[in-house]
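Chemist: All chains should be modelled from the sequences, with the hints used to inform the complete structure.
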Amino acid sequence: MNSTRSLVGIVIILIALLVPLISNASSARVRVAPEPSVVYVDMDGDGYGAGGAIYIYPWSIRNSLMKSKGGDCDDSNYLIYPGHGCPLGDRTLGNRSAVFRD
Numbered sequence: 001m002n003s004t005r006s007l008v009g010i011v012i013i014l015i016a017l018l019v020p021l022i023s024n025a026s027s028a029r030v031r032v033a034p035e036p037s038v039v040y041v042d043m044d045g046d047g048y049g050a051g052g053a054i055y056i057y058p059w060s061i062r063n064s065l066m067k068s069k070g071g072d073c074d075d076s077n078y079l080i081y082p083g084h085g086c087p088l089g090d091r092t093l094g095n096r097s098a099v100f101r102d
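Residue numbers (the numbering used here): 1 to 102.
Don't take every hint at face value.
[Unchecked claim] Pairwise CB distance ranges (calculated):
| no. | residue 1 | residue 2 | range |
| --- | --- | --- | --- |
| 1 | PRO82 | ILE56 | 15 to 25 angstroms |
| 2 | ILE10 | VAL32 | 34 to 44 angstroms |
| 3 | SER64 | PRO36 | 16 to 26 angstroms |
| 4 | SER6 | GLU35 | 48 to 58 angstroms |
| 5 | ALA16 | PRO58 | 39 to 49 angstroms |
| 6 | VAL8 | VAL38 | 56 to 66 angstroms |
| 7 | PRO58 | LEU14 | 33 to 43 angstroms |
| 8 | SER68 | ILE12 | 55 to 65 angstroms |
| 9 | ALA33 | GLY83 | 30 to 40 angstroms |
Simulated from the structure, these hints should not be mistaken for laboratory data.
Idealized CB from N, CA, C, for every residue including glycine.
Modeler: If you want it as structure tokens, here you go:
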């Protein structure tokens with residue numbers, strides 16, 4: 001009877017020691033992916049990209065064409081960008097070189 005109590009006591013102590021280790025190990029495996037950055041491709045080098053947003057993660061390879069600002073109405077002409085020559089409203093001209101002052 002005494003040996004049974006000793007064995008139960010040892011099992012309880014082992015469980016008390018192992019539970020925190022197991023719970024820490026399982027929580028350490030859970031990783032949350034970082035938020036992606038939004039970039040736009042800038043073909044004319046004016047600092048503003050055009051087209052749809054591209055979502056990249058911190059471990060993604062970046063290049064000099066990726067800019068954090070979008071909205072370039074003429075990405076073939078570095079002199080035209082938002083606030084400096086882009087058409088107003090819905091008057092979009094694509095890549096033609098007409099200039100409307102904002």
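Chemist: So the hint says 15 to 25 angstroms: do the beta-carbon atoms of PRO82 and ILE56 match that?
Modeler: holds (22 angstroms)
Chemist: Does the Cβ-Cβ separation between ALA33 and GLY83 fall within 30 to 40 angstroms?
Modeler: holds (34 angstroms)
Chemist: Are ALA16 and PRO58 spaced within 39 to 49 angstroms by their CB atoms?
Modeler: Roughly 40 angstroms apart at Cβ, these two residues keep to the hinted range, so it holds.
Chemist: For the hint 34 to 44 angstroms, verify it against the beta carbon of ILE10 and that of VAL32.
Modeler: holds (39 angstroms)
Chemist: 16 to 26 angstroms was suggested as the range; check whether the CB atoms of SER64 and PRO36 agree with it.
Modeler: This hint holds: roughly 19 angstroms between Cβ atoms.
Chemist: Go ahead and decide if the range 48 to 58 angstroms is satisfied by the Cβ distance of SER6 to GLU35.
Modeler: Between SER6 and GLU35, where Cβ atoms are some 54 angstroms apart, the hint holds.
Chemist: Would you say the C-beta atoms of VAL8 and VAL38 sit inside 56 to 66 angstroms of each other?
Modeler: holds (59 angstroms)
Chemist: Is 33 to 43 angstroms a correct range for the gap between the Cβ atoms of PRO58 and LEU14?
Modeler: holds (42 angstroms)
Chemist: Per the hint of 55 to 65 angstroms, is the separation of the Cβ atoms of SER68 and ILE12 within bounds?
Modeler: holds (57 angstroms)
In summary, the structure agrees with every hint in the numbered list given earlier.
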